[in-house]
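Enquirer: Chain by chain, the residues run as shown.
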Amino acid sequence: MPGEVNLSRLHCRVGELAYEQSLTLTQLADAVGISVVNLSVLKNDRAKAIRFSTLIALCDALGCQPGDLFTLRPLEP
Amino acid sequence: MDEQTSGPEPLTKNERSTLRVLQAFAIIGVIGAAIVLVFGIVAPFIMGGVPVPVVVADSSAGALVDDLPNVTLSGIEGTALVEGAGWGLYALFYASLVIGGGGLLIVLITVANMAERMLRGDTFLSQAKHAFIWAAAGVAAAFVGSELIPGVLSMAALGAFDDNAALGAVATISSTSFLLIAALGAAAIAFRAGQRVKNDADGLV
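Residue numbers (UniProt numbering), protein chains in the order written: chain A, 1 to 77; chain B, 1 to 205.
Because the hints were derived from the structure by calculation, they are not lab data.
No experiment lies behind these values; they were computed from the predicted model shown.
Ideal Cβ positions, reconstructed from N, Cα and C, are used throughout, including at glycine.
No incorrect hints appear here.
Keeping only pairs whose Cα atoms sit at most 25 angstroms apart, straight-line, the calculated DSS-like set for lysine-lysine is:
no. : chain 1 : residue 1 : chain 2 : residue 2
1   : B       : K129      : B       : K198
2   : B       : K13       : B       : K198
3   : A       : K43       : B       : K198
4   : A       : K48       : B       : K198
Here are some chain B residues the structure puts well away from chain A; computed CB gaps all over 10 angstroms:
no. : residue
5   : L11
6   : R20
7   : V21
8   : A33
9   : A43
10  : P53
11  : G86
12  : Y90
13  : A95
14  : Q127
15  : K129
16  : G145
17  : M155
18  : A169
19  : L179
Throw the hints in and build the complete structure from the sequences for me.
Expert: Structure follows, in structure tokens:
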């Protein structure tokens, strides 16, 4: 288990991608098969882990690759 | 519940109903045990002596033996009253009541408290270790108070009876308490493992 990792560095772009696809969070949650609450957790960068099954379903629903879903913010000095 | 782990309710309707029934039984048990404890405390004053478990002569033994020649039945377990008992018997009697009743109350209160916390969403009971330690301590106290001390009380009281009135002491030790404590230990380990799995899954989407 790695030591303390600042998880807030990892930004999930699910909100932006859903907006680009003109999808509401409810529609996307239905398409992916997870709750709106969990989708909101993901969108607001409060998730600590993501299942591969959720990742694949998100990519299918948003028509993107896993790499498009996440960006990593640089380390703060 | 942690916002990051929000998802489906951890308990189903049936599980919640079962927990409520369990909690209700535990609360009724607490009230019942408290009433029995109070009655037990005042009993020596009302009855005029210390009630002691002993083997007493069985008046029907003769008839039974006539019908069943191979059976020798001379006594049965009963409760005899020791009038004018010394402080030692009173001390043993009250120790038995307070420790046994207290142990039972601790177990029941722990069960009610655990059910309440599980209903509030603490499914794996973050403080499960303490709850199980309290429950095991309660079972141990109930064992000491309801089996060990009454046995000592019975033996200590024998001298106060005529040979014909009390034939022997009643001292029984059952394995139930030991099995319960072992089961509580196993459940505590299972809850700790469950808590670890829950911690691992926190924030998993």
